[in-house]
Amino acid sequence: MTTSADIENMMARITLRDRDALALLYDATSAKLFGVCLRVLNNRSEAEDVLHDVYIRVWQKADTYAVTGHSPMTWLITVTRNMSIDRLRKRRPETGSDDAMALVADDGPGPEAAAIASSERARIEACMGELESDRADAVRAAYLEGETYKDLAARFDVPLNTIRTWLRRSLMKLKDCLTR
Amino acid sequence: MSESEDEHDDDALAAEYVLHLLDDDERRAFEARLAMDRELQVLVWSWEARLSSLSDTVEAVEPSKTLRNRVLQSVGEPPARRPAQAFWAWLAGGAVAAGLLLFVLFGETFGPEANLTVAFQAELASEDGSQVMVAGVIPATHEIVIERVSGTVPEGRVHELWLIAEGADAPVSLGLLENQGITRIRVPDDIAPGVRTGTIAVSEEPPGGSPSGAPTGPIVAAAQFNDV
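Read top to bottom, the protein sequences are chains A and B. When you number the first sequence by the UniProt record's numbering, it's gap-free, plus one each residue, and the end is 180. When you number the second sequence by the UniProt record's numbering, it's gap-free, plus one each residue, and the end is 228.
Next up, chain B with everything else stripped away, as it sits in the complex:
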């Protein structure tokens, strides 16, 4: 098959995938490719967008009054806290733990064993691409290092970093970002285990940060960490 026929076929397959017309085997095979193939993913998104206008003809119907409460109750359940031990598994190993212990005992002084390499990274980019920040986590010191790659903070405003741990019911402020360059933020021990699987987000706030303890301004960007 020529390349253009391949492309044509993929486009048709993507359309059939979006419509759920592939049989089980075809669907599984397609999904396996989809996980690896960015171009195929784009074809799928294009069909999703194209066909979604067909839903405009669907009439809105009010669901029963009780459903709203059911939904809000489902998300209101207290977060399942991970046991503190999970944090130790999160560290790279014994030498790191030793470094951490030194940190705990001597504050800013690190033992030579401390492993200060960045283990997880996340790119935070605003929707329009004007703001880009790169964040990394140093597990040994519980630090998030965040660098402003592009974009500026509006006059009279600051950027505040938040962590939304998986299953958590509220974001926790991690601190304010420098208006330029690199900011290092030490994450409190009790919430550090939630960094790897949680979402971090940057919001725009008045000087001094959010007065309420919850984000008040627009969300600039949000992302999750991946292994380096």
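This is chain A alone, in the form it adopts within the complex:
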């Protein structure tokens, strides 16, 4: 089982251009990060292109993650998600909703995710549970699928301003709950 300390160590070695460490990191994290890419892009070939670029970014920028104070896994997921959404936005520039990407409700975690069941996870799930369910869905869709306000407004059939107000309030409630 790969621990956070193991990944930290791999990242330090990658800073020193240790290709074996990159291979180890790839083996330890690629399936999870590919899941993140795939969730945003919903297209294997695009997701693989992005995942490739993620590891190149890691190779070049492994030394910068410590500045953020993130755990290595949080940093990797953040980089992966950002690069995936950049790709998504390029694919459909300002075109608003694309219903081919309809959200599959994700209240039930998969067996692998359930096994992880970290305390962090339990905390955010509990706090998401305090939001009204459609608002929690909106937060998830924005984070996991990279939906825009336009997408969300169309999905929930509410005006753009309303969805923005919803989401901002929900995020602040989420923050209050998580910092309680």
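One thing to keep in mind: the hints can contain errors.
Claimed, not checked - Below, in silico cross-link-like pairs of lysine-lysine (DSSO-like), each with a Cα-Cα straight-line distance of 30 Å or less: (1) Lys90(A) to Lys61(A); (2) Lys175(A) to Lys150(A); (3) Lys90(A) to Lys65(B); (4) Lys173(A) to Lys150(A); (5) Lys150(A) to Lys90(A); (6) Lys65(B) to Lys61(A).
Please keep in mind that the hints were generated in silico from the structure rather than gathered at the bench. The model shown is predicted, which means the values in this text are computed figures rather than measured ones.
For chain A, the structure is supplied; the task is to place chain B on it using the hints.
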């Protein structure tokens, strides 16, 4: 708007930025502020950390077998060497070049023209902050001067300094650090051009330094140089 409303608004903006919900104009404006505003940066990092747990529900999916090789091949390409001339641009000017020439001709003797000011600096700090070192580069003499500000070397171990030049495929040892105070290390001419844009790192090694020519022990700290 009151200060607390400003803060509240920035926090919400940071969340929207992390979620990629800002439109192009808002995003550009936010990024311009982000580059200058450390507090805003901290708000962004906090949202990144907070929301990343949402990814725990994402199921892992194996990418195709060929992708691993593609990644490793991409990083395995030979480094693009910068032309040697770039080094001369790296120097501060003619007087410095004259000083360097004297150095080359007479070893340790410097001409009065030699410019021994530090041009680039880097702070090397370990993750837990227990080890702090400050490094400076004197371009004229190709020297890295590194001072131990806090922290000690474990009994029976030494610290070794490495350079990972931009695009390089392996770190190069620059030498061992004194266990206390200041160490001056002369960087070989052929790798000196890579110092400014590369990364330097300190690893913990057995006495005498790494036996393999590559770092073997834990990495204490790594950093890049900035202009003084």
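Outcome of the hint check:
In summary, the hint linking Lys90(A) to Lys61(A) is supported, as the alpha carbons are separated by about 23 Å, within the 30 Å threshold. Between the alpha carbons of Lys175(A) and Lys150(A) the distance comes to roughly 24 Å, so the proposed pair stays at or under 30 Å and holds. Note on Lys90(A) and Lys65(B): the hinted pairing holds, with a Cα-Cα distance of about 27 Å set against a maximum of 30 Å. Distance restraint check for Lys173(A) and Lys150(A): the Cα-Cα separation of roughly 22 Å lies within the 30 Å cut-off, and the hinted pair is therefore satisfied.
Between Lys150(A) and Lys90(A) the CA atoms are separated by roughly 16 Å; this keeps the pair inside 30 Å, and the hint holds. Between Lys65(B) and Lys61(A) the CA atoms are separated by roughly 25 Å; this keeps the pair inside 30 Å, and the hint holds.
Consistency with the previously given hints is maintained throughout, with no hint failing.
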